[in-house]
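Asker: Protein sequences appear in the order of chains A and B. At position 753 of the first sequence (counting the first as 1) the number is 753 in my numbering, and the numbers step up by one without a gap. At position 37 of the second sequence (counting the first as 1) the number is 37 in my numbering, and the numbers step up by one without a gap.
The hints are simulated quantities; they were obtained by calculation from the structure and are not laboratory data. Keep in mind the model is a prediction, meaning the values are calculated, not measured. For every residue, glycine included, the Cβ atom is placed at its ideal position computed from N, Cα and C. Watch out, some of these pointers could steer you wrong.
Stretch-level coverage of chain A by chain B, calculated; a stretch enters the list once three of its residues show a Cβ under 8 Å from a Cβ in chain B [what the hints assert, rightly or not]: (1) 4–16; (2) 27–36; (3) 186–195; (4) 603–615; (5) 674–688.
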Amino acid sequence: MSDNYTQIGKSVTRIDALEKVTGRAKYTADMKFPNMLVGKLLLSPHAHARIINIDTSEAEKLPGVKAVITHRDVPDKKYGLSPARWDENIFCIDKVRYVGDKVAAVAAIDEETVYKALKLIKVDYEVLPAVFDPFEAMKEGAPQIFDIYPGNINTEIHQHFGDVDQAFKEAYYVRTDRLDGQRTYQCPLEPHATIAYWEGSRVTVYSSIQSVHYLQYYLAQVFGLKMGDVRVVKTYIGGGFGGKMDPSGLDFASVALAKKTGRPVKMFFDREDMFYNNRGRHAQFMNFTTGVTKEGKILGVHADFVMDGGAYTGLGVASAYYAGALLTILYDFENYKFDMYRVVTNLPGCGAQRGHGQPQPRFAFESHLDNIAEHLGIDPLEMRILNARKPGTMTVQGFKVDSYGLKEAMEKARDISGWRDKKGKLPPGQGIGMGNGGFVSGAGYAIYRTDLPHSVATIKVTDDGTSAILYTGAIEIGQGSDTVLCQMAAEAMGYRYEDMKIVAGDTDLAAHDLGAYASRQTLMSGAAVKQAGEEVKKLILETAAGMMDVSAGELDCRDGIVFVKSNPQITKTFAEAARTYFVKHGQLIGRGSYRPPKLGGVHKGSAVGTSPAYSAATQVAEVEIDRETGEVQVKEAWDVHDCGFVINPALLHAQVHGAFYMGMGESIWEEVLFDQNGKLINGNLAEYRLPTALDMPPVASELVDTVDPNAPWGVKEVGEGATTPTMGCISNAIYDAIGVRVKSLPITYEKIWRALKEKK
Amino acid sequence: MLAIVDDNGVKRYLVTLNINGDSYTRVVKANTLLVNFLREELNLTGTKKGCELGDCGSCTVLMDGKPVNSCIVLVMEAEGHEITTIEGVAQNDKLDRVQESFVEHAAIQCGYCTPGMVLSAKALLTKNPHPTEHEIREAIAGNLCRCTGYVNIVKAILAAAGEQ
Numbered sequence: 001m002s003d004n005y006t007q008i009g010k011s012v013t014r015i016d017a018l019e020k021v022t023g024r025a026k027y028t029a030d031m032k033f034p035n036m037l038v039g040k041l042l043l044s045p046h047a048h049a050r051i052i053n054i055d056t057s058e059a060e061k062l063p064g065v066k067a068v069i070t071h072r073d074v075p076d077k078k079y080g081l082s083p084a085r086w087d088e089n090i091f092c093i094d095k096v097r098y099v100g101d102k103v104a105a106v107a108a109i110d111e112e113t114v115y116k117a118l119k120l121i122k123v124d125y126e127v128l129p130a131v132f133d134p135f136e137a138m139k140e141g142a143p144q145i146f147d148i149y150p151g152n153i154n155t156e157i158h159q160h161f162g163d164v165d166q167a168f169k170e171a172y173y174v175r176t177d178r179l180d181g182q183r184t185y186q187c188p189l190e191p192h193a194t195i196a197y198w199e200g201s202r203v204t205v206y207s208s209i210q211s212v213h214y215l216q217y218y219l220a221q222v223f224g225l226k227m228g229d230v231r232v233v234k235t236y237i238g239g240g241f242g243g244k245m246d247p248s249g250l251d252f253a254s255v256a257l258a259k260k261t262g263r264p265v266k267m268f269f270d271r272e273d274m275f276y277n278n279r280g281r282h283a284q285f286m287n288f289t290t291g292v293t294k295e296g297k298i299l300g301v302h303a304d305f306v307m308d309g310g311a312y313t314g315l316g317v318a319s320a321y322y323a324g325a326l327l328t329i330l331y332d333f334e335n336y337k338f339d340m341y342r343v344v345t346n347l348p349g350c351g352a353q354r355g356h357g358q359p360q361p362r363f364a365f366e367s368h369l370d371n372i373a374e375h376l377g378i379d380p381l382e383m384r385i386l387n388a389r390k391p392g393t394m395t396v397q398g399f400k401v402d403s404y405g406l407k408e409a410m411e412k413a414r415d416i417s418g419w420r421d422k423k424g425k426l427p428p429g430q431g432i433g434m435g436n437g438g439f440v441s442g443a444g445y446a447i448y449r450t451d452l453p454h455s456v457a458t459i460k461v462t463d464d465g466t467s468a469i470l471y472t473g474a475i476e477i478g479q480g481s482d483t484v485l486c487q488m489a490a491e492a493m494g495y496r497y498e499d500m501k502i503v504a505g506d507t508d509l510a511a512h513d514l515g516a517y518a519s520r521q522t523l524m525s526g527a528a529v530k531q532a533g534e535e536v537k538k539l540i541l542e543t544a545a546g547m548m549d550v551s552a553g554e555l556d557c558r559d560g561i562v563f564v565k566s567n568p569q570i571t572k573t574f575a576e577a578a579r580t581y582f583v584k585h586g587q588l589i590g591r592g593s594y595r596p597p598k599l600g601g602v603h604k605g606s607a608v609g610t611s612p613a614y615s616a617a618t619q620v621a622e623v624e625i626d627r628e629t630g631e632v633q634v635k636e637a638w639d640v641h642d643c644g645f646v647i648n649p650a651l652l653h654a655q656v657h658g659a660f661y662m663g664m665g666e667s668i669w670e671e672v673l674f675d676q677n678g679k680l681i682n683g684n685l686a687e688y689r690l691p692t693a694l695d696m697p698p699v700a701s702e703l704v705d706t707v708d709p710n711a712p713w714g715v716k717e718v719g720e721g722a723t724t725p726t727m728g729c730i731s732n733a734i735y736d737a738i739g740v741r742v743k744s745l746p747i748t749y750e751k752i753w754r755a756l757k758e759k760k
Numbered sequence: 001m002l003a004i005v006d007d008n009g010v011k012r013y014l015v016t017l018n019i020n021g022d023s024y025t026r027v028v029k030a031n032t033l034l035v036n037f038l039r040e041e042l043n044l045t046g047t048k049k050g051c052e053l054g055d056c057g058s059c060t061v062l063m064d065g066k067p068v069n070s071c072i073v074l075v076m077e078a079e080g081h082e083i084t085t086i087e088g089v090a091q092n093d094k095l096d097r098v099q100e101s102f103v104e105h106a107a108i109q110c111g112y113c114t115p116g117m118v119l120s121a122k123a124l125l126t127k128n129p130h131p132t133e134h135e136i137r138e139a140i141a142g143n144l145c146r147c148t149g150y151v152n153i154v155k156a157i158l159a160a161a162g163e164q
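Okay, chain B solo, but in the shape it has when bound (with noise of 0.2 Å):
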């Protein structure tokens, strides 16, 4: 991997990752986090900051179609993987089954949790696609919601499901 030195001796590094299909190629420090290098140097601000710790899931991005908290990824471990991100769930403004049933469902309030909800119910749905609820409980309970007590983003993704 390509590195540069500044004059106070800091290192940089030459990275390239795939993120919904296309190539960025950017120098970043060896500790920069995922989700800052999607939100600040890409304008990705679909993916969201909640607790920076790993604890709330709202930074959720699909790796190689796994679930992750891109707030405890570095850069430099996501290149030479598939990111996903909530902009890259539609395609050509049309929207995904997940987020449909979302919208159709009313399990969206505050929105802040939902880009991350809808990607681990994305995840969950292409490895299982006939989930039953409590599988779909579990793959949502690294996604806290503040707003809907989880009860229509259980059915949205219930639904999602029946369709498939």
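So here's chain A without its partners, still in its complex pose (with noise of 0.2 Å):
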């Protein structure tokens, strides 16, 4: 497939390589800007408190201070990614609603003495009862943590496909099995920095943000300013996750301490300020029931779902909805109810971690088909194979699928990873699991209602036609999008990819795109730039047309070459045809635009789990336990993914292990934990147990075949889909070598101890 093309297909250096691996790479908090101050945020010490007043002028006496503010210097509209639930003050005014909350932010000529001035704040707080359990937060009696969130729900869904009542009625066997997750945080290496500056009525702010759109777009609304006059930048991101998703308290404050002093202001996270601020996964509390046939067959589903949102919205509501969308995407079944709470609770507010709202109900569902095999006594594997999806179909919720290679990648999974030969077959203590995934290859519609295209692309051929400039809102956050972006743009021009240059992420130089999540950039930005490409070649064919004396239509340009398709011998490089255009017609540009179609059903919430196209991955993993510790080691993993067509292979499977990593952080040892007041007791890379080199097993990647008709070369994702398996496989794996079910993550030593304890 790859060899009708010259530049993707193919596993070329990353356009960053060089440097990063110099150090000369300069992420956010790496720049310096003349007469720059040094910004902070003061964070709440409480988890529920009642603001009754703030005395900064001892901080703004402290020398060295330049600026001290707090609500009341700044606008009182409310921000939120999620635009149906805007709760959020860029300073709080009449409460405090977790430990971490923003109070106030100072400025001043150095670190030492911003953390001098932090002190130096007074802040009189009532303290209020404070709920940490998102089952304690329904009962009645319960603090109350919004006005607008009566018995502190925020988002409440009730869906219903189909009957399943009357699927459970005709079911041969029927389960329900309750699966609990946990609270984690994407902890990208790099903490999140804000540099911001003011020249005149127009802010220039550089962010560690997953997207510079909704950044611009969020600052432009708050502080009521023309989009025209809001320049969002980012440098080199040292992994995002979804953590550098939603808008941060520094963006937002360095805006306003840098207007108020009228110098460059950065702001920076500390790690500790990490887990407080950024918006970590949601911890899902999962009752799944399924009614089968004798054979396995999946007759209907209802999931009923409780997740803890923590203080605030954020993307949570689409959280919310992520969590029941995508799993019919995987098994066919006509019968669908979905029920969640998204509940408040006095801890940080929650967001998208790779995957999104998925991993965890994956972890429940694969969990809970494996106990519905072993009942059935049927092989689990077999049983998926008998459900999986299969291409041009559509979801009982109105999703189309078209390319899908669920069946596939478990065939391949099986043979690669030996599992006839292992499942129930290996000796105690050890096992074998698997699980399933998947994921949209961008979401259907825009975070905010929008009519604006989802990703333009503009490419700009240098005057001399030696080089070309690809400009993209697309944002490189590791994974590898402005590398796979060029060599998409090199190859619909019919250039080369080692000639490309690329300008990303600026909102004033490079061309709108809504960024980096729901793995959409290849698919949507990539559509934007073939398109940008495709129209760069159609003006170097005429042109070289006219240089050759043929007809445009008797020319094609591939690796910089014009020929003749009939004589290919007859040729004239891409840069002379690109000179001669800019002698006669000024510089040689093209445009490209994408939107998707029209998807998704009529029901409330429709919206959330659309995509041009959807991802399916299988994972095996063989754990070994040692049953007088309870101690977990992944001996062995195997992925097989359908990502569609492959413009890079390398960053590809680059992306799966760095995926099945994660997963198997979350799968047994990452958890966050606060005490009793709502305070961070692991808020550090030590204690919040990210796996070492030393944890991490062989992974095998491979691939099915398969191209989207959706999407540019028919691409697909890769990045988020690949996470969402691992947890169930893990868990699967544990069971397999333990005959016991952990029925939480994480899937600690602890636990497997003391499940083995009961067990006796």
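Dock chain one against chain two, each of which comes alone in its own frame, and use the hints as you go.
Answerer: Next comes the structure, spelled out in structure tokens:
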């Protein structure tokens, strides 16, 4: 397949590799501007308290302090990522709602002065009763965190497709399992930083952000500025995983401090701030009831969930809908009921982490399916093959799924992992398990209601044609989007990747794009880039036709060479044609624009889960358990992915490695803990246990071939989908090893040890 | 060590540090951290801050060839030692073999852990030119990476070792 192409389907070197490996790549916190101040937020020490008074006078008197601001100094307009629930202010006005809530900010000449000044701000609080558990928060008489969310219910979803009760009546076996997830954090290694400065009425904001567009939009909304007066720029970004999607308190505070002082202000989070302020993964509490035939065919499913939203909404409404929306993509069944309560508590707000609302429900459902298969006495992998969605079908909620290779992925994973020789046959203490997953390749709708295109792209060929620059708002956060988009541009132009440059993530200099979330950029930004490249190619061929005295239709261009199709010996270079075009007409520019077609059903919340194309993945893992200590070792893992046509195989497999790694961490070790007052217990990278190189097993990453008709060159996503099967896969492997189901994440050594003890 | 005291009674010291083969003389407080000195005083921002607690390894530099977390090393302790930062690894724009191998093996994603990883790998290979895979994993166990699952990083270091 890739033989037809010269630039895509190839593992070219990352466009940013040299800058990164030499340490020259500048991340936001690495940048300095003349006369720049340093700023920091004052965070609430209480989980729930009324603000009686804030006295900043002592802090203001400290030499070197240039500004101290509170809610009195900034607009009181509320914001949030999801416009359905704008419930957050730049600084708290009447109440703080979690330990870490934003109360004030300081700008001073250096970091030391900033910390001293923060200690001098006097805030009188009236401490209120707090609630940290969503089930407690829903009870009558629980502390009310927001007036606008009676009973602390932030989002309530009740969807019913087909007739689940009837399906359960007809089923041979109906089973309910309750499984619980935990609160985890993205933990990108780069802590969030922002630099803001004003030039007249215009503000420039450098931010570690996954979408320059949304940040520009929200800054303009909250400060009452024209979009054109807000420039958002990202430099290199040290990982995001969803944690840099929501606008952070730094973004707003730095803009306000820069305005007040008339100087550039750099603000940053330390690692503990990251746990308080990044919007981590919601803990979900999941009841699944499923009815199946004797053969294991699923007849109906009821998903009944509660999720701990923490103090604010952010992107959480979408998280709640995602939790239930994508279940039906993987398995084909006609009757589905989804109930969800997203509840606010006095803990930090939650949002999107790799896979968004879906990984924990995947853990729960994949564990649940294995329980069902065991009861029926059938192989859990074969039972899933029986239920796997076929390509060219529609889910009960109205999601259209064109290419879909889940069945093939399972078959391949079964074969390369030696599943049939291992499942149920490994020695005591060893186990093998599998799980399925997948994701949207971009959301069908933007986060706020808009008729803007989702991605546009511009390609400018330099005057002499020896290089070309791609301008895109797509955001490189490490996943490799700058590289694959340049490969796509070069392929569409008939040009060479090596001669491509990129300007990305700058609302002034680059082109509009919604950014890096929902695994959208390869498909959506790629579609705009392809169109822009094709326009360049058309102009090149027309110009070359004039130079070569043939018609444009007789020519093609590949790898920087224009040639006559019937006689490829007759050529001109791309550069010669481009230069001629420039002399005659001025700058050679191609433009592209992409908006998904209208997708989805008509029910409430039907937008969430729509996508032009869906990926699918199967993972198999083998584990070994120390039966004395409960210690788990993941020994080996296999991932087979249907991600459509692959632009850069090396980058793709690297995504799979990282996705499995993150899922493995969440399966066994990662969980953020709070004390009885809502203070972080393990807000650091020693006690919040990210796996190290010693914990990581060999991972085989393989593909099944599909080409999606709704995507440029048939591409689909990989980055998020590959993390969604892992927790179920490891849960099932541990069950296979010990014969007891640990029903909550993370499946720690202690839980395994206790489970083994209870079994005895 | 020459010390000066300002009007508020705060003592500062005149230090000379050897960094990447060059001498830098500056005045610092006793509690100035090496990472902040490198980044703020010398603008050597290739040394990253990820946790400031010695947990993540993003700020790894070499002190007399040994990897240390520069966020928990005082400038005062670094005086008299040879410090190598990521900026000192490539020579005259020629990448070190470890760096080349990271590029070739797609061992870089967001790039934030990369400088520290390269330095830990370099320290290992200098001491132990033919490490086993397990020895490589042990050598980088103090460098967290959130993107790669370490798969290609280990491959890159193994490959660089094979050719040394």
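Asker: Are the hints correct? Go through all of them and say.
Answerer: Here's how the hints hold up against the structure:
Under the rule that three or more residues need a Cβ within less than 8 Å of chain B, the assignment of the region 4–16 of chain A holds, with 4 such residues. Counting residues of the region 27–36 of chain A whose C-beta lies closer than 8 Å to any C-beta of chain B gives 4; at least three are required, and the coverage claim holds. Counting residues of the region 186–195 of chain A whose beta-carbon sits less than 8 Å from any beta-carbon of chain B gives 6, enough to reach three: the coverage restraint holds. Beta-carbon proximity to chain B at under 8 Å applies to 0 residues in the region 603–615 of chain A; the threshold of 3 is not reached and the given coverage is violated.
Note: the region 674–688 of chain A has 3 residues with beta-carbon separation from chain B under 8 Å; the three-residue rule is met and the coverage holds.
Comparing the model with each earlier hint shows a violation of hint 4 alone; every other hint is respected.
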